[in-house]
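Student: One-letter residues, chain by chain:
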Amino acid sequence: MKILQVIGEYLFLMKRVFVRPKKMSYFRKQLIQEIDDLGLQSLLIVSVISLFMGAVLTIQTSLQTESPWIPTWTIGFVVRQSVVLEFSPTIISLFLAGKIGSSIASEIGTMKVTEQIDAIETMGINSASHLLLPKIIACGIVNPLLVIISIFLCLIGGWFACEFMSTIPSQQYLEGLMSFFRPYDIYYALIKTFVFAIVIASVSGFYGYRTEGGALEVGRSSTQAVVNSSFTLLFFNVVLTKIFLG
Amino acid sequence: MIEVKNLYKHFNGRTVLSDICTSFEQGKTNLIIGQSGSGKTVLMKCLIGLYQPDEGTILYDDKDLSKMNKSEHQLLLQEMGVLFQGSALFDSMTVSENVMFPLTMLTNQKENEKKERVDFCLERVNLSHAHDLYPSQISGGMKKRVAIARAIALNPKYLFCDEPNSGLDPKTSLVIDQLIYEITHEFNITTVINTHDMNSVMEIGETISFIYQGQLWWKGSNSEILTTDNQEVNDFVYASKYAKAMFAAQRKNI
Ligand SMILES: Nc1ncnc2c1ncn2[C@@H]1O[C@H](COP(=O)(O)OP(=O)(O)OP(=O)(O)O)[C@@H](O)[C@H]1O
Ligand SMILES: [Mg+2]
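Here the protein sequences line up with chains A and B, keeping their order.
If you're matching positions, the first sequence starts at 1 in this note's numbering and goes up one per residue.
If you're matching positions, the second sequence starts at 1001 in this note's numbering and goes up one per residue.
Source of the hints: derived by calculation from the structure; they are not laboratory data.
Computed from a predicted model, the values in this text were never measured in an experiment.
No incorrect hints appear here.
Label pairs and their calculated CB-CB ranges:
1) K2(A) - E1224(B): 44 to 54 Å
2) R20(A) - Y1008(B): 34 to 44 Å
3) H1010(B) - R220(A): 24 to 34 Å
4) S1071(B) - L145(A): 33 to 43 Å
5) N1126(B) - Y187(A): 58 to 68 Å
6) D1229(B) - G8(A): 49 to 59 Å
7) V239(A) - K1005(B): 46 to 56 Å
8) Q1026(B) - I141(A): 44 to 54 Å
Calculated cross-link-like contacts (lysine-lysine; reagent style DSBU-like; alpha-carbon spacing at most 35 Å):
9) K23(A) - K1067(B)
10) K15(A) - K1070(B)
11) K23(A) - K1115(B)
12) K15(A) - K1110(B)
13) K1110(B) - K23(A)
14) K1157(B) - K15(A)
15) K1143(B) - K15(A)
16) K1067(B) - K15(A)
17) K23(A) - K1143(B)
18) K1005(B) - K15(A)
19) K29(A) - K1115(B)
20) K22(A) - K1114(B)
21) K29(A) - K1114(B)
22) K29(A) - K1070(B)
23) K1219(B) - K1171(B)
24) K22(A) - K1143(B)
25) K1143(B) - K29(A)
26) K29(A) - K1110(B)
27) K1070(B) - K22(A)
28) K1143(B) - K99(A)
29) K1063(B) - K23(A)
30) K1157(B) - K23(A)
31) K1070(B) - K23(A)
32) K1067(B) - K2(A)
33) K1063(B) - K22(A)
34) K1110(B) - K22(A)
35) K1070(B) - K2(A)
36) K22(A) - K1115(B)
Glycine residues also receive a C-beta, built at the ideal position from the N, C-alpha and C atoms.
One chain only, chain B, in its complex shape (with noise of 0.2 Å):
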């Protein structure tokens, strides 16, 4: 479990979080959902510790993140995996290079230990076939499996992903969402994913944190949030009148 408490972030001066409580619980897909430039990424960048928060504190299973010592943290950091809004996948190694890397670089695997665990990572996200070839030469979804990859090949107690189906057509983007819904609950792992897709909401909203202007507003689960009556929830649910029949309709459902 990941709890986030009072934390604050500016940038010169703006502040783009203010007073975030939530928390991330284990085993259970955890959204961080809202309007672009309210502050998913930062707050996520804040989790992983490529930001330094001005205030607050971010608990990892009870230790505090930011007084761990250097060997906890660079542990914390190996039980990680990062899914980042535009894959971030290492242009000169190919597919099955790059979910290696982690591999190499961090354990004392052996070569053929290695190849079976990117092998099982690679035919995990469907992509047994595109082992040889480079980031340049595959699709943008495809692109998004590979990271989900590289980002499971430690086996991570934690994993975060920044809108993992961002650019990507519905289908696509409801195999992205079922892969790390099952990938989760399959390894029990804590994953936090930052979306403003409400396709993904509705499917794999185990728990949902709203973000307005950079406030945590509203918290529930995909069952409360169309019955919510909090108007910016549904302001951002009901964005448009298709989503607002839709919904409606489901409303009535249950």
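Looking at chain A on its own, in the form it has when it is part of the complex (with noise of 0.2 Å):
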């Protein structure tokens, strides 16, 4: 009973966020603020996690696959595809709840817990969506950016394994990259991480908004923020994979 209220509340508070901004100019500043505040900012630590996991995903695979029956072009193959559909869209977008998420969390929450977001709304501004919309959009553009990023990355990181550490041979890695591609498998790849941003984004931002008290507070706002956008993210990969390959 008491998740259909959270529900509630949550699409309540996302009536009031998706409206038109008051102030076009300004919305747009915030918007480029929070594209740098919220992506450029995680570029770095996304493109070492992809690196190595590529590395890692060619190794662990070819060491799977040895089996004379199985050409060795197949491991680039599953990499790819691997890389593609799960790990940059799904574990990136983990990564990314853990970190955007508590950071929106806690931002809003301190903005709650001091009396800011009372400050906006005695002066008749729409803080739900002054603060929200922003990062929101933000997320839906810079999320799947990133991720674009990352399976690029991973395959490199899988040539690296390949070329340096004589895995198999990166001419073969590179022929398997490169057979049976489905550019539907990238749009697929493409709007879950846009879903996934949305719902990173909201969700933190909901628990941001509904912080009462203090420090301790903002930090259980922080932690409930980042375990609830990764359970919504994994039930929404569920209904979208589903939908879209199943």
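Now that you have both chains on their own, put them together as the hints suggest.
Tutor: If you want it as structure tokens, here you go:
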């Protein structure tokens, strides 16, 4: 019963969030700021994770398929499919749920408990939309870009593993990467990431927004934001996979 | 003028405000005083519409707050300046950006007009040198003054201050009190101030509403508060031995 109430409150908040901003010029400025804060600040760590995971994925796959019946290029193919379909969109989004989610929830939560949100409301400004809309849209733009970069770097990581750790001949790895390629898979990955991005930003914003109390509660909200946006994300992952591929 | 009639507010079945009837006059500093936890902040939050009263009416110049339509309410909010108990400055903005925020969001003024207004407001609170500092870089008293500058940026008709001088030294408190008093008279604002500071009460208490355990216990002015024989008011006023001696001497003079 409690979960229905929380979902209701969430939807109610979202109804307030998705309205036309009062001042377009100010909104654009905020949006650029958020793209920088939430997106570009995650670029380095996402790149590092992707390079290493791509290499490890390639090594692991080649170790598990040491059989004369399986052609070597399959390894490149399997690595590409895992990266495009699940690793980059889902695992990187889960990582971003931790990084972006906690930052959004603690920022909004702090503003709530220090009455900054009340201050915005008493000026006659819709604080929910003012604070959350730029963050949600920024995530919707930035996360798919991060995931494209992640896919790319994973595959490069795999190539490094072939070239410098002589896992398999890199020529065959590249051949595998390019076989049976469906652009549809990329669309699927990006749509998934986009939905996850909206979930991460809005759920974390929601938990920040309902913070009451002080610093302790801000910390608690931030944890709840990460846990619950991850759960929601995993739930949507199943639903979307079923819709698009099932 | 703001009038409060038979106002009740409960939280989870606990009555926090009970049958409050009082009024706050234009061009005067109207004080709400009472012990910590007596319900001052809740009353103020009802006045500014952050809390919905469970019963009773709040009239802004004879207009019922709860019966206003959306655009009337919006208009009222823009005529209101609020100074929160903890200043509530935006951490991510500099001092001048904080003051400029309501101008940017709610007016169509040009950049140089806004700058001029920000300069004026910061000048008014003696903070012309602090334009580019962030809230984390200034002291508590300066934060309060920035918050006052932000609250008066839009030339409010109503000004609400929740404990404007809590946590400040007596001298800075006095500066803030004087500032609010002057602004109120300069611009003919209806000012409502929550406080439990006896110095403020004596300095700027033009009208005083004393709240005791969520009820309006006594109403008067700073010249009357020393001579009333209301037991709870006296307990509040003469809480310390020092105050007892000091105000007793003052009482003799009156
Ligand atoms: N949102 C809330 N939910 C439940 N109870 C509340 C809420 N806000 C205030 N109260 C209760 O209402 C009572 C009055 O609180 P209020 O903040 O108005 O006191 P105050 O007079 O402003 O005190 P102080 O001088 O310490 O600021 C307190 O007992 C408090 O526990
Ligand atoms: Mg209070």
